[in-house]
Amino acid sequence: SQTIHQWPATLVQPVGSPLSLECTVEGTSNPNLYWYRQAAGRGLQLLFYSVGIGQISSEVPQNLSASRPQDRQFILSSKKLLLSDSGFYLCAWGGPGTVEKLFFGSGTQLSVL
Amino acid sequence: TQLLEQSPQFLSIQEGENLTVYCNSSSVFSSLQWYRQEPGEGPVLLVTVVTGGEVKKLKRLTFQFGDARKDSSLHITAAQTGDTGLYLCAVITSGTYKYIFGTGTRLKVLA
Numbered sequence: 001s002q003t004i005h006q007w008p009a010t011l012v013q014p015v016g017s018p019l020s021l022e023c024t025v026e027g028t029s030n031p032n033l034y035w036y037r038q039a040a041g042r043g044l045q046l047l048f049y050s051v052g053i054g055q056i057s058s059e060v061p062q063n064l065s066a067s068r069p070q071d072r073q074f075i076l077s078s079k080k081l082l083l084s085d086s087g088f089y090l091c092a093w094g095g096p097g098t099v100e101k102l103f104f105g106s107g108t109q110l111s112v113l
Numbered sequence: 001t002q003l004l005e006q007s008p009q010f011l012s013i014q015e016g017e018n019l020t021v022y023c024n025s026s027s028v029f030s031s032l033q034w035y036r037q038e039p040g041e042g043p044v045l046l047v048t049v050v051t052g053g054e055v056k057k058l059k060r061l062t063f064q065f066g067d068a069r070k071d072s073s074l075h076i077t078a079a080q081t082g083d084t085g086l087y088l089c090a091v092i093t094s095g096t097y098k099y100i101f102g103t104g105t106r107l108k109v110l111a
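So the protein sequences, as listed, match chains P and W. Just so we're aligned: the first sequence equals residues 1 to 113 in the working numbering. Just so we're aligned: the second sequence equals residues 1 to 111 in the working numbering.
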């Protein structure tokens with residue numbers, strides 16, 4: 001069966017510090033991978049998605065970047081965090097063979113102070 | 001411009017009551033999904049509707065896709081405290097692999 005791992009669960013970082021959130025998927029090949037950010041109790045904002053190694057689509061111009069160094073690994077990064085980067089970050093995977101369905105990790109609650 | 005608008009934004013009801021939440025857009029979609037999210041966790045898929053006018057039932061939850069495939073509703077019969085959570089609708093934008101989520105409805109069911 002497929003599983004998705006996302007870590008850490010909670011992170012407190014000072015303004016101006018770097019960020020690296022990692023997400024890995026097991027049990028599937030060539031998944032589409034996604035990073036979302038969620039404000040408290042609200043909908044999900046798509047940040048990046050990737051359909052293959054090294055292929056990154058950016059949805060929102062911002063202080064973040066994403067990379068996909070391996071087929072089942074997706075990394076969200078920042079060189080210098082801003083207060084506005086605080087939020088709940090979710091990684092997800094979808095397809096192939098799972099059309100119109102996303103599977104989510106357990107999320108990372110990021111607080112930038 | 002928000003692609004998917006959900007209403008109401010918040011809903012607090014007593015256990016045993018019925019409720020309906022809505023997901024609306026001006027665009028036509030090939031399919032639409034509903035997810036439920038618990039605090040501190042990722043969303044979990046409840047259902048995918050594909051055909052205009054389609055109705056799907058999941059125990060006490062009834063999902064309907066609009067005839068024109070622009071909107072959807074979720075009806076819960078005899079709500080239970082376990083139904084508490086954030087309900088999200090989502091679509092794939094045409095010609096891409098982008099999943100766009102609605103604004104969400106936060107439901108609280110009181111015992």
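For the record, the hints were derived by calculation from the structure and aren't laboratory data. On a predicted model such as this, the values are computed, not experimentally measured, just so you know. It cannot be assumed that every hint is accurate.
[What the hints assert, rightly or not] Here are the computed lysine-lysine pairs in the DSSO-like style, where the Cα-Cα straight-line distance is at most 30 Å:
id	chain 1	residue 1	chain 2	residue 2
1	P	Lys79	W	Lys98
2	W	Lys59	W	Lys70
3	W	Lys98	P	Lys101
4	W	Lys98	W	Lys57
5	W	Lys59	P	Lys101
6	W	Lys57	P	Lys80
Given the proposed pairing of Lys57(W) with Lys80(P), does the C-alpha separation stay at or below 30 Å? Between Lys57(W) and Lys80(P) the Cα gap is close to 47 Å, so the pair fails against 30 Å, i.e. violated.
Take the C-alpha atoms of Lys98(W) and Lys101(P), compute the straight-line distance between them, and say whether it is at most 30 Å. 11 Å, holds
Restraint check for Lys59(W) with Lys101(P), where alpha carbons must lie at most 30 Å apart: At roughly 20 Å apart (the allowed maximum being 30 Å), Lys101(P) and Lys59(W) satisfy the hint.
Between the alpha carbons of Lys59(W) and Lys70(W), is the straight-line distance 30 Å or under? 25 Å, holds
Restraint check for Lys98(W) with Lys57(W), where alpha carbons must lie at most 30 Å apart: 26 Å, holds
Holds or violated: Lys79(P) to Lys98(W), with C-alpha atoms at most 30 Å apart: 26 Å, holds
Going down the numbered hints, you'll see the structure goes against just number 6.
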